[in-house]
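Undergrad: Sequence:
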Amino acid sequence: MRMRKKATMVVAATAALGLALSGCQQANKDSGGVDSDKADKEISGLPTTDYQKAGYDEVKDGGTLTYPMTEIPASLNYYHADGAHVDNNNLYGTSLGGPVRIKDDGTWEVDKNYAESVEVASEDPLVIDVKLNKDAVWEDGTPIDVDDYKAFWKTQNGSNKKYEVASTKGFEDIEKIESGEDKYDVKVTFKTPNIDWPNYIGAFLPDEISEDVDAFNKDYVKKVLPSNGPFKAQKVDNKSGVITMVRNDEWWGQEPKLDKVIFKVVSQAQQAQAYANKELDLVDVGTDGDSYTTAGKRDDGEIYKSQGMQWTHLTMNAEKGALKEQEVRDAIGHAINREAIAQAAIGPVEAPVTLVNNVTFMPGQEGYQDNTDGSLDFDQEKAKKILDDAGWTEGDGGVREKDGEKLAFKIVVPADTASNAQRAEQVMKDLNEIGFKIEIETVPVAAYFADHVLNGNFEMATFTWEGTAFPISSGSNLFYPADSEQNFSKISSDEIGEKFKEATKTLDPAESKKLANEGDAAVLKLKPLIPIYPTPYVWGVRDDVVNLGPRQLEAPDWTTIGFKK
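All letters in the sequence shown, in the order written, are residues -27 to -1, 1 to 538 by mature numbering (1 follows the signal peptide of the UniProt record, and there is no 0).
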């Protein structure tokens, strides 16, 4: 293992959101159910990584790789509240790294490009000693040192409310960061232990950005963050939707094989055809059957499949009308035929079909178990009874009402994303059958997150969350507290907060997973959202592209990605 030379392209993991790369057709409510136990085993049978591997010397020098984006996110600052987006995560894989590298089994190792060592100096209090690689620099040649660490932590820990951060999780548990023998010896002291501490010992912004509120909040809305990896931004063309990454001449590690990586915005509906037309070098077809078929027709391409970390759901904004009532959300949980949606969505790409019954750990990830306790079993008669008992009676046109309020809601859907629309249509069909009046509101793709999901301007929405290798602390941000930047349902409970805090504090992995699952069960009991299905990663990749393809957790090494000789 070439620890010294191997590039880590991992940014600090937070839950990332994205448009669902999946499709489903209208499904009959009486379709066969999913055998989740069997499907979970089949999902676990998929590889954690699936791509054409090649040694560094087997890769051509030079070339340009074209990588699709669904949109240029509302902010290109991945650590800003508007920037925690899957497209940003892919982009910064080429240009940002830190002391920890995620391996294919989800565990981590020290990335010697950024740190000579990472050690637990003390468990009580928890102190982590990071000895930085003195060769590591930002793209302008400025060394990465303890000042970057201090400033980044202060930006992320919530102490200054002017910083519009995606999440304070983990960073708020740090008491202090100080230098040891010199500015390259970083000592991170936690005031509260954190089982996911490897996720919070990086500095992914230069201190001059972290120390300036306007620079953090505004300057990187439309421009790419400074690089400390093998590639850096050459140009952002917002008009044409193209971001061009080129070799970073200050990169001190193994020289990347590619000359350029072009991130090109192509609507989700057009990505598979663009790949088939050889305008893109790869495509994530998700679980869209038509895209899968189209991608499979490329004569110089291959299809790869791995376990995934993305999962679809229906999020309900509890600040909107009757969605604040537990009984209404309970009824929705029984009314939606998740099995039919999953079968229709995943079956066409010839991958195992299962459901998401845990919103912390994903199927195939250590710690996963079913925490629904039957509360999401499809049973429309039970859903009707819940509403009857709660006083929601049938009114004009069959729409239930109580005290003059109707069970009428809109599901906001991005245009040109058949997957989201088709899933929303199935939800609409199921809920209307038990007395709701659900309508679909279609909005421009660029406005979907920026103007609706991120600012709470919606009643119901369906998209994907992407999990991480550190789900206990970062994932809980989706559900606690109620005013968390990533808790779009705007509802939570003390039980959720307490369980996840306990799970985070213990440094015993088994105990941490047990407590996290108890917190997860509390989330599913509250039902701020209805999880539907996990999506395996299904990619079409040009057949001479090596070392790039679907992977559940492993960080891609962008110095070895390229075209085979």
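In case anyone wonders, no lab produced these hints; they're calculated from the structure.
In this text the structure is predicted, and so the values were computed from the model without any measurement.
Heads up, some of the hints might be wrong.
[As the list claims (entries may be wrong)] In silico DSSO-like links for lysine-lysine, alpha-carbon gap of 30 Å or less:
hint : residue 1 : residue 2
1    : K297      : K208
2    : K251      : K107
3    : K208      : K149
4    : K123      : K26
5    : K76       : K357
[Unchecked claim] Pairwise CB distance ranges, derived in the manner of DEER restraints:
hint : residue 1 : residue 2 : range
6    : D210      : E148      : 42 to 48 Å
7    : E228      : A388      : 38 to 44 Å
8    : E228      : E339      : 33 to 39 Å
9    : D272      : K33       : 16 to 22 Å
10   : A455      : D350      : 25 to 31 Å
11   : D369      : E414      : 20 to 26 Å
For every residue, glycine included, the Cβ atom is placed at its ideal position computed from N, Cα and C.
Undergrad: For the pair supplied as a hint, K297 and K208, is the alpha-carbon distance within the 30 Å limit?
TA: violated, 45 Å
Undergrad: Take the C-beta atom of E228 and the C-beta atom of E339, compute their distance, and say whether it sits inside 33 to 39 Å.
TA: Given range 33 to 39 Å: holds, Cβ gap about 35 Å.
Undergrad: Taken at face value, is the distance from the CA of K26 to the CA of K123 at most 30 Å?
TA: Violated: K123 and K26 sit about 38 Å apart, past 30 Å.
Undergrad: Quick one: are A455 and D350 within 25 to 31 Å, going by C-beta?
TA: holds, 27 Å
Undergrad: So does D210 sit 42 to 48 Å from E148, Cβ to Cβ?
TA: holds, 44 Å
Undergrad: I want to verify a distance hint. Is the separation of the beta carbons of D272 and K33 within 16 to 22 Å?
TA: Once the Cβ atoms are compared, 20 Å apart, the range 16 to 22 Å for K33 and D272 holds.
Undergrad: Is 20 to 26 Å a correct range for the gap between the Cβ atoms of D369 and E414?
TA: holds, 22 Å
Undergrad: Given the range 38 to 44 Å, decide if the beta-carbon distance of E228 to A388 lies inside it.
TA: Because 42 Å falls inside the window, the suggested range holds.
Undergrad: Holds or violated: K76 with K357, Cα cutoff 30 Å?
TA: Violated. K76 to K357 sits at ~47 Å, over the 30 Å cutoff.
Undergrad: Please work out if K208 and K149 have their alpha carbons no farther apart than 30 Å.
TA: violated, 37 Å
Undergrad: K251 and K107 were given as a pair; does the straight-line alpha-carbon distance stay at or below 30 Å?
TA: Given that 30 Å is the threshold and the Cα spacing comes to 42 Å, the pair is violated.
Consistency note: the structure conflicts with the earlier hints numbered 1, 2, 3, 4, 5.
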